[in-house]
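K.L.:
Sequence:
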Amino acid sequence: MKKIQLNSFAKINLSLDVLGVLDNGFHLVDMVMQQILLCDDILIKWKDEPQDQSIQINVSTNRYFLPTDERNLAYKAALLMADKYGDNRSGKVTIDIRKRIPVAAGLAGGSGNAAAVLHGLNILWGLELSMKELIETGEQLGSDVPFCVMGQAAADNTLKPRFLGDPLACHCALATGTGTTLKPLKKGLRSHLVLSKPPLSVSTATVYKGIDSMIIDRHPDNNELVNALSSGSMKLVRKNMINVLENFTLTQYPIVKQTKMKLESLCGADNVLMSGSGPAVFGLCENIRRSRQICDDMLKLNRESFWTRTTW
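Per UniProt numbering, residue 1 is the first one in the sequence shown, and the count goes up by one each step.
It should be emphasised that the hints constitute simulated quantities derived from the structure, not laboratory data. Hints are not guaranteed to be accurate.
As the list claims (entries may be wrong) - Calculated pairs, DSBU-like style, for lysine-lysine (alpha carbon to alpha carbon, straight line, at most 35 Å):
#1 Lys160 / Lys45
#2 Lys209 / Lys262
#3 Lys99 / Lys160
#4 Lys132 / Lys45
#5 Lys132 / Lys2
#6 Lys84 / Lys99
#7 Lys99 / Lys132
Please put together the full structure from these sequences, using the hints given.
P.N.:
Here's what the structure looks like:
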């Protein structure tokens, strides 16, 4: 039996703009995504069983409410890899997911799990797929999976040596199109932060549909944001930390607005933003000590609150 353990990191949005909607219902976005250190642990095992003449997939998790069949993105990732690269292989793929990242929170938790499975089976099966090939495979699973593939290659201790010097391995990226056209950024955000998820789930599809009919007053200037990250200008980074999806989510879910307001009172208003379609909200902090103090306060409101930092 072969096995590998990988970190599946969460992401936050430093900005998120919606530019329009396509005929197929997908939205055109312009956003900056940043990987953070909060992660799930993914243990992937492969056991050759020539007599089976097929590839079996088994997923387990420490969250009882998560599906472990085809509805799970990690399962889907293994199934896709088996379909694409499983010829002349037979045996059992076992995936154990130790969740820390809040579920359905706008943090790409499930997408990261899928990305880890792509990386893991690439190694366990000796496929030697390039980053480009892994990204293209990830696109078939979801719009956040390609960024997670790139981020894990830059930050996971097992993967880093394999992708050292690869320009697609990055901690931060500009995403355009439907979110899968990615431009790696050489410099991302270096910051400690507090992450807080209210006790509810938000439907991404509902949020995007809800934003279609709304008039949006403020939009991020992502060119300015990218330049600000490159130059280290936190003033301009904060100026462009805008997520247009807040216009819908904060009005529809009062607890999300309450979470943001409390974080703003602790971190400063221009340091706080909702990630993705929500409901998770993050606040930037000047150091680890302050992030731990603020996290203690946020735990009084939301049990799923964490102090962490960006990856770099």
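K.L.:
Now tell me if each hint is right for this structure.
P.N.:
Here is how each hint holds up against the structure:
Taking the CA atoms of Lys160 and Lys45, the gap is about 20 Å. The hint holds against a cut of 35 Å. Using a Cα cut-off of 35 Å, the hinted pair Lys209 and Lys262 holds, with the two alpha carbons roughly 27 Å apart. Between Lys99 and Lys160 the CA atoms are separated by roughly 22 Å; this keeps the pair inside 35 Å, and the hint holds. Distance restraint check for Lys132 and Lys45: the Cα-Cα separation of roughly 24 Å lies within the 35 Å cut-off, and the hinted pair is therefore satisfied.
Between Lys132 and Lys2, the direct Cα distance comes to roughly 25 Å. Compliance with the 35 Å bound is thereby established for this hinted pair. Note on Lys84 and Lys99: the hinted pairing holds, with a Cα-Cα distance of about 27 Å set against a maximum of 35 Å. With a CA separation close to 27 Å, the supplied pair Lys99 and Lys132 stays within the 35 Å bound.
Hint compliance for this structure: every hint is met.
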